[in-house]
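Peer 1: Turn these sequences into a full structure, and let the hints guide you.
Residue numbers (our numbering), protein chains in the order written: chain A, 771 to 978; chain P, 771 to 978; chain Z, 771 to 978.
Calculated from the structure, these hints are not laboratory results. A hint or two may mislead.
To be verified - Under the rule of at most 25 Å between Cα atoms (straight-line distance), these lysine-lysine pairs were calculated in the BS3-like manner:
#	chain 1	residue 1	chain 2	residue 2
1	P	Lys935	A	Lys816
2	A	Lys837	P	Lys904
3	A	Lys948	P	Lys935
4	A	Lys976	A	Lys867
5	P	Lys867	A	Lys873
6	Z	Lys788	A	Lys976
7	P	Lys873	Z	Lys935
8	P	Lys873	P	Lys801
9	A	Lys837	P	Lys873
10	P	Lys976	A	Lys781
11	A	Lys935	Z	Lys816
12	A	Lys795	A	Lys781
13	A	Lys873	P	Lys948
14	A	Lys948	Z	Lys948
15	Z	Lys867	A	Lys948
16	A	Lys950	Z	Lys873
17	P	Lys904	A	Lys950
18	Z	Lys867	P	Lys837
19	A	Lys801	A	Lys781
20	A	Lys873	A	Lys948
21	Z	Lys816	Z	Lys935
22	P	Lys950	A	Lys948
23	P	Lys788	P	Lys837
24	Z	Lys948	P	Lys867
25	Z	Lys950	A	Lys950
26	Z	Lys935	P	Lys948
27	A	Lys948	Z	Lys950
28	A	Lys935	Z	Lys808
29	A	Lys976	Z	Lys781
30	P	Lys976	A	Lys788
31	P	Lys801	P	Lys781
32	A	Lys920	Z	Lys867
33	P	Lys935	A	Lys867
34	A	Lys873	P	Lys935
35	Z	Lys935	Z	Lys801
36	P	Lys920	A	Lys867
37	P	Lys788	Z	Lys976
38	Z	Lys781	P	Lys950
39	P	Lys950	Z	Lys801
Predicted model only: the values in this text are computed from it and were never measured.
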Amino acid sequence: MAFQLFPKEDKFFELFDKQAESILKTSLFFKELALSGKFDDVNVLKMHDFEHECDVNTHDIIELLNKSFITPFDREDIHQLAHELDDIVDMLYSITKRINLYKIQEINADLIQFSDYIEQAVTSLAKALRCLRKLKNVRPIIDSCIEVNKLENLGDQLKDAIIGKLLEGNPEPILFIKWKEIFEGTETVLDICEDVANVIESILVKQG
Amino acid sequence: MAFQLFPKEDKFFELFDKQAESILKTSLFFKELALSGKFDDVNVLKMHDFEHECDVNTHDIIELLNKSFITPFDREDIHQLAHELDDIVDMLYSITKRINLYKIQEINADLIQFSDYIEQAVTSLAKALRCLRKLKNVRPIIDSCIEVNKLENLGDQLKDAIIGKLLEGNPEPILFIKWKEIFEGTETVLDICEDVANVIESILVKQG
Amino acid sequence: MAFQLFPKEDKFFELFDKQAESILKTSLFFKELALSGKFDDVNVLKMHDFEHECDVNTHDIIELLNKSFITPFDREDIHQLAHELDDIVDMLYSITKRINLYKIQEINADLIQFSDYIEQAVTSLAKALRCLRKLKNVRPIIDSCIEVNKLENLGDQLKDAIIGKLLEGNPEPILFIKWKEIFEGTETVLDICEDVANVIESILVKQG
Numbered sequence: 771m772a773f774q775l776f777p778k779e780d781k782f783f784e785l786f787d788k789q790a791e792s793i794l795k796t797s798l799f800f801k802e803l804a805l806s807g808k809f810d811d812v813n814v815l816k817m818h819d820f821e822h823e824c825d826v827n828t829h830d831i832i833e834l835l836n837k838s839f840i841t842p843f844d845r846e847d848i849h850q851l852a853h854e855l856d857d858i859v860d861m862l863y864s865i866t867k868r869i870n871l872y873k874i875q876e877i878n879a880d881l882i883q884f885s886d887y888i889e890q891a892v893t894s895l896a897k898a899l900r901c902l903r904k905l906k907n908v909r910p911i912i913d914s915c916i917e918v919n920k921l922e923n924l925g926d927q928l929k930d931a932i933i934g935k936l937l938e939g940n941p942e943p944i945l946f947i948k949w950k951e952i953f954e955g956t957e958t959v960l961d962i963c964e965d966v967a968n969v970i971e972s973i974l975v976k977q978g
Numbered sequence: 771m772a773f774q775l776f777p778k779e780d781k782f783f784e785l786f787d788k789q790a791e792s793i794l795k796t797s798l799f800f801k802e803l804a805l806s807g808k809f810d811d812v813n814v815l816k817m818h819d820f821e822h823e824c825d826v827n828t829h830d831i832i833e834l835l836n837k838s839f840i841t842p843f844d845r846e847d848i849h850q851l852a853h854e855l856d857d858i859v860d861m862l863y864s865i866t867k868r869i870n871l872y873k874i875q876e877i878n879a880d881l882i883q884f885s886d887y888i889e890q891a892v893t894s895l896a897k898a899l900r901c902l903r904k905l906k907n908v909r910p911i912i913d914s915c916i917e918v919n920k921l922e923n924l925g926d927q928l929k930d931a932i933i934g935k936l937l938e939g940n941p942e943p944i945l946f947i948k949w950k951e952i953f954e955g956t957e958t959v960l961d962i963c964e965d966v967a968n969v970i971e972s973i974l975v976k977q978g
Numbered sequence: 771m772a773f774q775l776f777p778k779e780d781k782f783f784e785l786f787d788k789q790a791e792s793i794l795k796t797s798l799f800f801k802e803l804a805l806s807g808k809f810d811d812v813n814v815l816k817m818h819d820f821e822h823e824c825d826v827n828t829h830d831i832i833e834l835l836n837k838s839f840i841t842p843f844d845r846e847d848i849h850q851l852a853h854e855l856d857d858i859v860d861m862l863y864s865i866t867k868r869i870n871l872y873k874i875q876e877i878n879a880d881l882i883q884f885s886d887y888i889e890q891a892v893t894s895l896a897k898a899l900r901c902l903r904k905l906k907n908v909r910p911i912i913d914s915c916i917e918v919n920k921l922e923n924l925g926d927q928l929k930d931a932i933i934g935k936l937l938e939g940n941p942e943p944i945l946f947i948k949w950k951e952i953f954e955g956t957e958t959v960l961d962i963c964e965d966v967a968n969v970i971e972s973i974l975v976k977q978g
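Peer 2: So this is what it looks like as structure tokens:
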């Protein structure tokens with residue numbers, strides 16, 4: 771039987787990987803909805819299940835944190851990481867509910883583009899989290915974080931371009947309010963992804 | 771003369787109880803305004819007095835925290851608790867000012883319903899804070915926190931229902947903007963109440 | 771050669787002074803834009819350069835923090851101070867981009883007034899930060915923080931007055947949305963300045 775010095779440290783990485791997987795599934799489902807335009811009641815409920823799954827994962831991480839004396843990195847970083855990962859899914863659920871409430875049923879190319887950026891950002895975060903186990907090789911972690919920063923920038927530009935385009939068409943005000951809110955939501959998802967990347971980078975610096 | 775081992779610990783509980791009482795008074799006043807529709811200049815000033823009273827309470831808690839070596843629970847939890855309790859009243863004041871600015875004078879049934887949820891949530895938080903003194907009996911604390919979570923869910927559903935209803939009536943855009951902002955505000959109050967409940971629950975876990 | 775006991779402590783003050791100077795330059799540039807109404811593409815790029823300069827300064831402070839065992843005040847206060855100072859400039863950049871996107875080219879007296887409040891608040895913060903070196907003389911620090919609180923209050927009143935004025939004119943909804951967003955942005959800048967002042971005051975209390 772092998773001797774495990776810090777079995778709980780491993781547990782943290784396992785829980786973060788599990789959470790990353792749940793978030794990735796959620797972002798893929800959100801992309802499906804964008805592609806099909808089916809933000810209907812049934813799919814809102816499905817999105818709620820994803821949101822709940824991530825809540826449970828977050829709860830497990832915080833509970834382990836509260837019970838652990840030794841942690842693989844700073845307690846406050848684990849805390850922040852757990853909560854910001856949860857925020858990604860909360861935001862995706864909130865956007866889904868809003869599109870449903872606004873009875874938007876068209877397929878929107880810009881929303882598909884945003885859902886793709888989000889999926890890419892979450893994929894990069896999942897990779898960075900997985901690599902936190904081996905801090906001797908920081909290259910893939912840094913590359914993933916840079917990728918997330920790039921995607922956040924792209925999202926920022928896309929949102930501005932969308933709002934500019936909407937305004938040029940002299941839009942019906944209520945419709946403008948609806949779409950503005952939706953795309954500010956999708957951009958916020960990428961902002962939160964960047965926040966997660968920033969926490970990961972600060973973990974690297976402290977261990978460096 | 772009885773010997774007090776940690777007199778300052780008692781002081782923390784006293785200050786939190788005082789703050790809970792001030793917030794409860796504020797939420798009752800907000801409900802009165804909703805019931806009467808009188809969000810006039812005089813009542814905005816009265817609400818400002820409540821807001822100032824809670825500011826003073828928050829200041830007293832933080833000052834005690836900065837002066838104390840021994841605290842009844844984690845320093846950061848006391849800090850967060852104090853600031854989030856303050857946020858509840860800041861938000862109620864901000865909504866009151868906004869309704870006044872928007873010259874809304876009608877009595878609105880949904881606003882009354884929200885003010886009732888808020889009063890119930892604040893009552894539950896006050897109870898949970900009072901019970902933090904006796905951590906051996908966690909049941910009433912947990913029940914109060916669950917109650918707050920329920921009310922936050924109800925508020926969330928109510929806000930969505932209100933916005934859906936507004937949209938069905940093909941509303942005048944400026945009026946839609948006004949009411950949307952007001953009800954997003956009242957929902958935010960319940961979100962902050964839930965944040966407070968989450969801090970309280972995390973205190974339980976750490977002491978558990 | 772003089773012996774320096776805590777050379778790194780000095781370094782923190784130097785970096786904060788540098789950051790304060792960069793933010794002051796940014797707020798002066800924002801005021802220039804308000805005065806000229808030239809929120810054009812070239813000036814958005816210039817504002818981006820300021821924003822990047824402040825990002826670098828923030829990064830330098832956080833890096834020094836992560837490398838230092840001895841810090842002139844609480845680690846979490848340095849962290850919060852650094853990030854909130856950065857938020858001031860992020861917000862000014864975001865407002866600038868928004869005015870550009872909204873193709874607003876008129877010179878607006880209220881925007882000029884706000885840009886003046888912001889410049890005054892940042893000047894006071896710069897003074898308070900400079901005086902943190904000599905904590906024996908707290909008077910100028912406290913006075914500067916009080917000044918920032920006053921300016922935040924003025925900004926709050928100004929924003930409400932502007933929105934009230936806009937509504938009286940029975941505005942075109944899209945135009946109302948644009949200006950409301952811009953002035954909520956400028957008020958948020960002053961809110962963040964007040965947050966910075968609050969951190970500075972809490973540093974005083976802890977050292978007091």
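Peer 1: Next step is simple, just say for each hint if it's right about the structure.
Peer 2: Hints, one by one, checked against the model:
In summary, the hint linking Lys935 (chain P) to Lys816 (chain A) is supported, as the alpha carbons are separated by about 24 Å, within the 25 Å threshold. Between Lys837 (chain A) and Lys904 (chain P) the CA atoms are separated by roughly 21 Å; this keeps the pair inside 25 Å, and the hint holds. The suggested pairing of Lys948 (chain A) with Lys935 (chain P) holds, with an alpha-carbon distance near 15 Å, which does not exceed 25 Å. A C-alpha spacing of about 39 Å is found between Lys976 (chain A) and Lys867 (chain A), which places the hinted pair above 25 Å, so the restraint is violated.
For the hint linking Lys867 (chain P) to Lys873 (chain A), the alpha-carbon distance of about 32 Å lies beyond 25 Å, and the restraint is violated. Straight-line distance between C-alpha atoms of Lys788 (chain Z) and Lys976 (chain A) comes to about 24 Å, which keeps the hinted pair within the 25 Å bound. At roughly 12 Å between alpha-carbon atoms, Lys873 (chain P) and Lys935 (chain Z) fall within 25 Å of each other, so this suggested pair holds. With a C-alpha separation of about 18 Å, the suggested pairing of Lys873 (chain P) with Lys801 (chain P) holds against the 25 Å cut-off.
Between Lys837 (chain A) and Lys873 (chain P), the direct Cα distance comes to roughly 52 Å. Violation of the 25 Å bound is thereby established for this hinted pair. Of the supplied pair hints, the one linking Lys976 (chain P) and Lys781 (chain A) holds, its CA atoms being roughly 19 Å apart against a limit of 25 Å. With a C-alpha separation of about 24 Å, the suggested pair Lys935 (chain A) and Lys816 (chain Z) falls inside the 25 Å cut-off, and the hint holds. Distance check on the hinted pair: Lys795 (chain A) and Lys781 (chain A) sit about 21 Å apart at the alpha-carbon level, within 25 Å; holds.
The suggested pairing of Lys873 (chain A) with Lys948 (chain P) holds, with an alpha-carbon distance near 21 Å, which does not exceed 25 Å. At roughly 14 Å between alpha-carbon atoms, Lys948 (chain A) and Lys948 (chain Z) fall within 25 Å of each other, so this suggested pair holds. Of the supplied pair hints, the one linking Lys867 (chain Z) and Lys948 (chain A) holds, its CA atoms being roughly 21 Å apart against a limit of 25 Å. Taken as a hint, the Lys950 (chain A) and Lys873 (chain Z) pair is honoured in the structure, with Cα atoms around 16 Å apart against an allowance of 25 Å.
The straight-line distance between the Cα atoms of Lys904 (chain P) and Lys950 (chain A) is roughly 49 Å, outside the 25 Å bound, and the hint therefore fails. Using a Cα cut-off of 25 Å, the hinted pair Lys867 (chain Z) and Lys837 (chain P) is violated, with the two alpha carbons roughly 44 Å apart. A threshold of 25 Å between alpha carbons decides the hint, and for Lys801 (chain A) with Lys781 (chain A) the separation of about 30 Å lies outside it, so the pair is violated. Of the pairs offered as hints, the one joining Lys873 (chain A) and Lys948 (chain A) holds, with about 10 Å between alpha carbons and a cut-off of 25 Å not exceeded.
As the CA atoms of Lys816 (chain Z) and Lys935 (chain Z) are separated by approximately 32 Å, the hinted pair breaks the 25 Å bound. For the given pair, Lys950 (chain P) sits about 11 Å from Lys948 (chain A) by alpha-carbon distance, which is consistent with the 25 Å threshold. As the CA atoms of Lys788 (chain P) and Lys837 (chain P) are separated by approximately 19 Å, the hinted pair is consistent with the 25 Å bound. Simply put, Lys948 (chain Z) and Lys867 (chain P) have alpha-carbon atoms about 21 Å apart, close enough for the 25 Å limit, and the pair holds.
At roughly 14 Å between alpha-carbon atoms, Lys950 (chain Z) and Lys950 (chain A) fall within 25 Å of each other, so this suggested pair holds. For the suggested pair Lys935 (chain Z) and Lys948 (chain P), the alpha carbons sit about 15 Å apart, so the restraint of at most 25 Å is met. Proposed proximity of Lys948 (chain A) and Lys950 (chain Z) is supported: the alpha carbons are some 16 Å apart, at most 25 Å. A threshold of 25 Å between alpha carbons decides the hint, and for Lys935 (chain A) with Lys808 (chain Z) the separation of about 21 Å falls inside it, so the pair holds.
With a C-alpha separation of about 19 Å, the suggested pair Lys976 (chain A) and Lys781 (chain Z) falls inside the 25 Å cut-off, and the hint holds. Taken as a hint, the Lys976 (chain P) and Lys788 (chain A) pair is honoured in the structure, with Cα atoms around 24 Å apart against an allowance of 25 Å. Pair hint Lys801 (chain P) plus Lys781 (chain P) does not hold up; C-alpha atoms about 30 Å apart against a cutoff of 25 Å. Our distance criterion of 25 Å between C-alpha atoms is met by Lys920 (chain A) and Lys867 (chain Z), whose separation comes to about 19 Å.
Distance check on the hinted pair: Lys935 (chain P) and Lys867 (chain A) sit about 15 Å apart at the alpha-carbon level, within 25 Å; holds. The hinted pair formed by Lys873 (chain A) and Lys935 (chain P) meets the criterion: a straight-line CA distance of about 12 Å does not exceed 25 Å. Between Lys935 (chain Z) and Lys801 (chain Z), the direct Cα distance comes to roughly 22 Å. Compliance with the 25 Å bound is thereby established for this hinted pair. A hinted pair counts as satisfied when its Cα atoms are at most 25 Å apart, and Lys920 (chain P) with Lys867 (chain A) qualifies at roughly 18 Å.
Only pairs whose Cα atoms come within 25 Å are accepted, and Lys788 (chain P) paired with Lys976 (chain Z) is accepted, the gap being roughly 24 Å. Among the hinted pairs, Lys781 (chain Z) with Lys950 (chain P) is inconsistent with the structure: their alpha-carbon atoms are about 48 Å apart, more than 25 Å. For a cut-off of 25 Å, the pair hint linking Lys950 (chain P) to Lys801 (chain Z) is broken: about 32 Å separates their Cα positions.
The structure does not agree with the numbered hints 4, 5, 9, 17, 18, 19, 21, 31, 38, 39 stated previously, though it agrees with the rest.
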